[in-house]
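Number of protein chains: 2
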Amino acid sequence: MRSRYDQVMSLSLRRGFLFPSAEIYGGLAGFYDYGHLGAMMKRKWEDLWTDYFLSLDDNYYLIDTTSILPYKGLKASGHVDHFTDVMLTCSKCGESYKAELLLEDLTEKSVEAMTLEEIRTFISTADVSCPECGGKFADPSQFNMMFPVAIGTAGKDKGFLRPETAQGAYLNFKREYEALRRKLPMGLAIIGRAFRNEISPRQGTYRMREFLQAELQIFFNPKTFEDRIPREETANDVLRIATAEGKRKNQIDEVKVSEIVDEGVLPLFFAHHIALVQRFYHKELGIPTEKLRLAELSEEERAFYNKIHYDIEVDLESLGGWREVAGVHYRSDHDLTGHEKGSNERMSVMDGGERIIPHVLELSFGIDRTLWAMLDILYTVGERTVLRLPPRIAPISVGVFPLVNKAGLPEKAREVYRVLRRSFDAFYDDAGSIGRRYARMDEIGTPFCVTIDHQSLESDDVTVRERDSTDQVRISIDDLRTVLNSLLTGVTKFEELK
Amino acid sequence: MRSRYDQVMSLSLRRGFLFPSAEIYGGLAGFYDYGHLGAMMKRKWEDLWTDYFLSLDDNYYLIDTTSILPYKGLKASGHVDHFTDVMLTCSKCGESYKAELLLEDLTEKSVEAMTLEEIRTFISTADVSCPECGGKFADPSQFNMMFPVAIGTAGKDKGFLRPETAQGAYLNFKREYEALRRKLPMGLAIIGRAFRNEISPRQGTYRMREFLQAELQIFFNPKTFEDRIPREETANDVLRIATAEGKRKNQIDEVKVSEIVDEGVLPLFFAHHIALVQRFYHKELGIPTEKLRLAELSEEERAFYNKIHYDIEVDLESLGGWREVAGVHYRSDHDLTGHEKGSNERMSVMDGGERIIPHVLELSFGIDRTLWAMLDILYTVGERTVLRLPPRIAPISVGVFPLVNKAGLPEKAREVYRVLRRSFDAFYDDAGSIGRRYARMDEIGTPFCVTIDHQSLESDDVTVRERDSTDQVRISIDDLRTVLNSLLTGVTKFEELK
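These protein sequence lines map, in sequence, to chains A and B. Numbering follows the numbering used here, in which position 104 of the first sequence is assigned residue number 104; successive positions increment by one, without gaps. Numbering follows the numbering used here, in which position 274 of the second sequence is assigned residue number 1274; successive positions increment by one, without gaps.
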């Protein structure tokens, strides 16, 4: 049997979820394109994400900012100096490796928290050599992962492709604070591409050089933010926490939000938001609870700008275990303070009678990773091959088929299709047996199919079939749009129609 | 009085449509960010564009592809060799200029169609000198406008930021042709960022180094495509054509689609599609007919890959006249043939019993330019300052106000707001007089405002005010959502409610 990874990749390539970028030229390691089904799924995911997270506060908004940023801004943010990976280069064949990944593979030990000096000592004592040619490694070096871009005819203006969307929100903080009439908390979200020159891109869309992020930066006054948190909303949510130590033992602690806050382990505002993110993955995206955990990052593991950092991880068979898909980061006033120093523009604001530099809570989502996780977990290959995507995320919402290609059924089916496609992503199919057509829709996650049969011509009704149960009900054509709309938005459950 | 450009820019900066990118670091020439209102307007524009153009055929789909493309692909497409501008560099101060723009400014003559040699002769006879320092120009040179990107630790893989989204569609043609079950015509649309290292970025968002495109590539069989065009649909549309000669004389010919086709000036498939694009700008985006023209590009003006090329131009006061916002390009089989040669992958397909390389019709839209054009044309500054955006594109769909901040009105208004925001982009405002609140909504194009007054508490109804007429009607709170929905989608006109 094919591996889970191959199953998901095969579905992606055959049906048009994902393709290696520039594949006809042999591709580029670390780059993937979205085919038509992937692009539809992605856009729906983005709409859902926006609805869910921007509705947390009236003062949260989407903005959209450039991919190219100037040197100065990324110097001030710390990325020019610190956004590096330790690289090992073979002195024989010249192949380069990301030290962290290579050493974990070869020695099963984590070097994530080690300094350059410690890694040097480690490789000499552990006696590792190049997996390609067996050669010895040169001294480890720091490699900056940003892609430089020279701007202007003489390339005088130095810039970089942004390594995260977040910086766009910090750079526009002042302008938006004015445009939004000086209120905290203020949320600025960006959905867009980010770029990292990964030393070792691998595992499909998991570690890419160009990738999609959805990030919400919440700017707040640390003295008053907690008062605004609707604590009763998540108090009883059970967080599935893997502490820095728990991760090593593969142990998950289930703790209520109210408990973890009362015990002083996490501040309320942080616990509340990780609960919301966990809920998003479970309830909105359909990831089973047991496949989700909130992984704490220790001080050594955290990025240089994070004060508290939890990753949302999903247990993925295709990638061999727990993988980060999102993160919640308390960045304190690191970012705005850095930009105040770098730009000499005042970032502090008056709030509650005091001049403060707002703190930042970042909710950061890897879109590609999350979509991959959904394909991995919700795709069942077997007697029936079904992709159990939540209806709101399914690329095609409804398939429309004539039962047979004669006796006026195709004409009637086309008519129904033309009406439905005005409101839904509908797909018309009359090729092959009805069973094959259902199977094709099941495989790409289409939640409902409408079939026009002989009876339809007399009684003006159709069969609606639900993907997961394969149950069918008869619905009048006049009601079809309304019924499908209630089903797709979750207002009505399919069972209620029977 | 302020210039139109300054009026639009001031609106953009104050209210959050557009900000210079990385402004706190002095900005980068040719880069702009979208603030919260601009980002909302942009996303709605994208949804409208997608609905309008992808509904032209069941086999048209959105895909999403990477910004970084490999050298080989852009070599094969011709961009490495031909995507150049002629540059003039001052031998005294070193300043560089785009020859076409500088010479047009200085001599009012177009050099667009000249070769490098001809430009050299022209500058020596016309006796032009550097506007910065008066120095002489060195020999003109070709400057490639793509941004190179070095990929991998040693930068071994050479790539570029894509100069147009189009290439992503050509590179995925084969995969999508299979996934979409081998049918022509097939349409692949991409909405995303493209990058050009412009020698002289200028005029706000008009000539940017990083910009947004929405492009639809229609792959078709030239022998059979015309049979599928619903010719009666656009036969009577009046095209406003400026021929290559007409442009010089500032003359527009009004010609029906059926006439221009019958006269053999344009093939049906081309005339039909420019009619659809003209209609999109007029009917969907609200640009008055007299501000629109379809400008023919002569053989010398066209890009190297276009066989027929018309630009959609809008007459913009802020930018001093007719400016290109979109283009319709018949690229023939140039692109797929080039990639077949470059990649050695077969791009031909079986269609109608014959092996053919599909031809391409490209509908290409500059999103930033189009949004700027809408702000320019639809913004009226005066006694009443109003942005007359079509309701579907307005960033905020409905404002909700309590008439006064007492007697239970804010509570009731909040209640109405909470219901409306689930379905619409609603904005709650209780600051300042009701007149000021209306004015703030008028200025950003909010088509409808809902006011809760004392009577609302008794009879459970509210006042709905229309932006353009300032007329008001009384609507019961129970019906409000349905009524607003009909108004915003254009099903109901406001007059009908009176």
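These are calculated hints, taken from the structure and not from any lab test. These numbers come from a predicted model, not from an experiment. Just so you know, even glycine gets a beta-carbon here, dropped at the ideal spot from N, CA and C. Check each hint, because a few of them may be wrong.
Unchecked claim - Not close to chain A: a few residues of chain B, all C-beta gaps over 12 Å, as computed:
id, residue
1, 1067
2, 1070
3, 1116
4, 1199
5, 1248
To be verified - Here's a subset of chain A near chain B, in silico, CB distances under 8 Å, partners left out:
id, residue
6, 23
7, 69
8, 176
9, 433
Right, here's what the structure says about each hint:
1. 1067: 6 Å, violated
2. 1070: The claim is violated: residue 1070(B) sits with its nearest Cβ about 5 Å from chain A, within 12 Å.
3. 1116: It holds; residue 1116(B) is separated from chain A by about 16 Å at its closest Cβ, greater than 12 Å.
4. 1199: The claim breaks: residue 1199(B) does not keep its Cβ more than 12 Å from every Cβ of chain A (closest is about 5 Å).
5. 1248: 30 Å, holds
6. 23: 7 Å, holds
7. 69: The hint holds - residue 69(A) has a Cβ within 8 Å of chain B, the shortest such distance being about 6 Å.
8. 176: 6 Å, holds
9. 433: With a closest approach of 16 Å, the residue 433(A) hint is violated.
In terms of the numbered hints stated before, the structure departs from hints 1, 2, 4, 9, listed from lowest to highest.
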